[in-house]
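2 protein chains.
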Amino acid sequence: MKVTIKDIANICRVSAGTVDRALNNRTGISEKTRKKVLKVAEEMNYQPDYTARSLVIGKTMTIGVVLFDLYNRSFAQLLNAIELKARELGYFVYITLSDKKPENEINCIDYLVNRKVDGIILFTVNQGEQFESYLSKFDTPIITIFNYISEKWEYVGIRERQAMKEAVDYIAGEGYQKFIYISPPLAYLGKTNIYTQEERLSGFYEGLKRNDITSNPLIVKNSEYIKELENITFSKDVKVAIVCSTDLYALEVMNYLKKKGLNIPEQVGVMGFDDIDMLKYVTPRLTTVKYPIDEIGKRSVESMVNKINFGDFISTPLLDYEIIKGESI
Amino acid sequence: MKVTIKDIANICRVSAGTVDRALNNRTGISEKTRKKVLKVAEEMNYQPDYTARSLVIGKTMTIGVVLFDLYNRSFAQLLNAIELKARELGYFVYITLSDKKPENEINCIDYLVNRKVDGIILFTVNQGEQFESYLSKFDTPIITIFNYISEKWEYVGIRERQAMKEAVDYIAGEGYQKFIYISPPLAYLGKTNIYTQEERLSGFYEGLKRNDITSNPLIVKNSEYIKELENITFSKDVKVAIVCSTDLYALEVMNYLKKKGLNIPEQVGVMGFDDIDMLKYVTPRLTTVKYPIDEIGKRSVESMVNKINFGDFISTPLLDYEIIKGESI
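Just so you know, the protein sequences line up as chains A and B, in that order.
Number 284 in the UniProt record's numbering belongs to position 284 of the first sequence; there are no gaps in the numbering.
Number 262 in the UniProt record's numbering belongs to position 262 of the second sequence; there are no gaps in the numbering.
By construction, these hints were calculated from the structure, which means they are not laboratory data.
Just so you know, these numbers come straight off a predicted model, no measurement behind them.
Where is the CB? At the ideal position from N, CA and C, for every residue including glycine.
The hints are all genuine.
Straight-line Cα separation of at most 20 Å, PhoX-like style, residue types lysine-lysine; simulated pairs:
{"#": "1", "chain 1": "A", "residue 1": "Lys280", "chain 2": "B", "residue 2": "Lys258"}
{"#": "2", "chain 1": "A", "residue 1": "Lys59", "chain 2": "B", "residue 2": "Lys116"}
{"#": "3", "chain 1": "A", "residue 1": "Lys178", "chain 2": "A", "residue 2": "Lys239"}
{"#": "4", "chain 1": "A", "residue 1": "Lys307", "chain 2": "A", "residue 2": "Lys116"}
{"#": "5", "chain 1": "A", "residue 1": "Lys227", "chain 2": "B", "residue 2": "Lys280"}
{"#": "6", "chain 1": "B", "residue 1": "Lys116", "chain 2": "A", "residue 2": "Lys116"}
{"#": "7", "chain 1": "A", "residue 1": "Lys260", "chain 2": "A", "residue 2": "Lys236"}
{"#": "8", "chain 1": "B", "residue 1": "Lys280", "chain 2": "A", "residue 2": "Lys258"}
{"#": "9", "chain 1": "A", "residue 1": "Lys137", "chain 2": "B", "residue 2": "Lys6"}
{"#": "10", "chain 1": "B", "residue 1": "Lys280", "chain 2": "A", "residue 2": "Lys260"}
{"#": "11", "chain 1": "B", "residue 1": "Lys260", "chain 2": "B", "residue 2": "Lys236"}
{"#": "12", "chain 1": "A", "residue 1": "Lys39", "chain 2": "B", "residue 2": "Lys137"}
{"#": "13", "chain 1": "A", "residue 1": "Lys259", "chain 2": "B", "residue 2": "Lys280"}
{"#": "14", "chain 1": "B", "residue 1": "Lys137", "chain 2": "A", "residue 2": "Lys6"}
{"#": "15", "chain 1": "A", "residue 1": "Lys116", "chain 2": "A", "residue 2": "Lys59"}
Per the computed footprint, the stretches of chain B lying under chain A, defined by three or more beta-carbons under 8 Å from a beta-carbon of chain A, are:
{"#": "16", "segment": "65-71"}
{"#": "17", "segment": "86-96"}
Here are a few chain B residues that sit away from chain A, every Cβ distance over 12 Å (derived from the structure):
{"#": "18", "residue": "Lys6"}
{"#": "19", "residue": "Pro184"}
{"#": "20", "residue": "Asn211"}
{"#": "21", "residue": "Leu262"}
{"#": "22", "residue": "Asp320"}
Please construct the entire structure, taking both the sequences and the accompanying hints into account.
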């Protein structure tokens, strides 16, 4: 049975107010009484009622998180980092998954606001005026990560564009003349928020320009990208680089190329993006872009807690990346 | 500014009680008034106060989850399944991570109980009388998954022992005569709850016996298991099978064997356990044991919600597995 403040008060023969003073370390009672109350509370395994308490102090000490899913390795790692940092700072984490569906995401945000989370870390698929006006209705502070909405919203992300540009520098430096770019999410351009994918594509184009690659790249925005590759004849005369906007596409591409007996990287080069931890078991080692996913989780929580406690976010500059030189380029 | 029931009542020129009736679909008001109240509530973007509400109905509509971490692919997949099913049933998920530390886990459980979650899904590293007596103090229903505590606690798991036994059947059937078994968590035997690992080991022994393998296996309980392998000379005369209690160990072992130029499976066979999704990118394809991780998440939520609403868990038989015949045995 749930032990209440009243139960403790009865046993200690003091008022409920005195018990409350002792438990919440407030003044107005003797040290002897305080000790007695705390001892009885411990013996009776008294647990403070946070639900009632949160009504009083106006905080629930929880941070809500909206992610796409956890099947993506990077998201799981991100959530792990968020939970660790939040717990360190005394906060709990509500996890909600949108499955990349805009209407699901709205439900997630609605629920989190209704549950009175103290802040929301949002990896959004939504964008546009209507969505911003929807978000503006809430008092709950929001930090967007990866997918940027507008300057109105606090943002923690990485230098995606610069990273892809530098990846192209590296590939061009290795003598590749023709480029294929694979990014199925680009099919959603203008429909959902695919900011990170757009940035990577812009960086790709800027990289081509900077390296005077004049041959037009093939941009594959199709989830059937392996089928698209089946229509291409790879010759030994021209080195082709297949640039993938995430490691998972790159791994699928490598599986296909290996099955076709094509040599990586001699005939076809493959570039990924993410540096997921499983790469160390795959041969050849994928060349890719590494970025500090844990840091994004950590920084967004720190900034949120600062906002909750002191009213301001901690402005976070775009985080840096690193080209991982594997064996596939 | 937060819209309250009183605000809506003022605008509609009705009492707060009438607004409450309309919002919660209770009888005692006219259809016309109900429609008017709902319209105004929507226009004003009224959000029900779940924190206050949970005090009244005595439920928070949240399920707490205690896992080790999300770096392990299977745990991320499990949490994803839990979140999906919970949301479908109208529940929210609090995620807490113990990092496999018994004292962290106690903190997680304490917090979840204090936050008044309606139930806890627990992947525990704790065990023993003291821990059970600690758990018994709470009214919150608990479902244990994977690591079994005792018959006192509801449990959802898989036929681990049977799975490993059948894996040995398969390996022995392929002509392997010597066995190495790798399971670093066994170093914690008697210290923390490693039930699944113990079951797998028991199944391994039972499999050896059933297949009349008389040569003593080498059991490696060391996290430096690759170093242990370095001391072993693999000859071409005796086929050795390295049985790993999870895929991640098996992938490390395959990396080592490949580096040493040993042929898999001709000289050394490797068996995993988990069938993580990344295996499809690794050659040779790892032979492993697949089990329905999503189903464990789904079933545990369904059982918990039944307990919350109707007082009883849905008893779940141990879930089944499948031997995935890859190329490594």
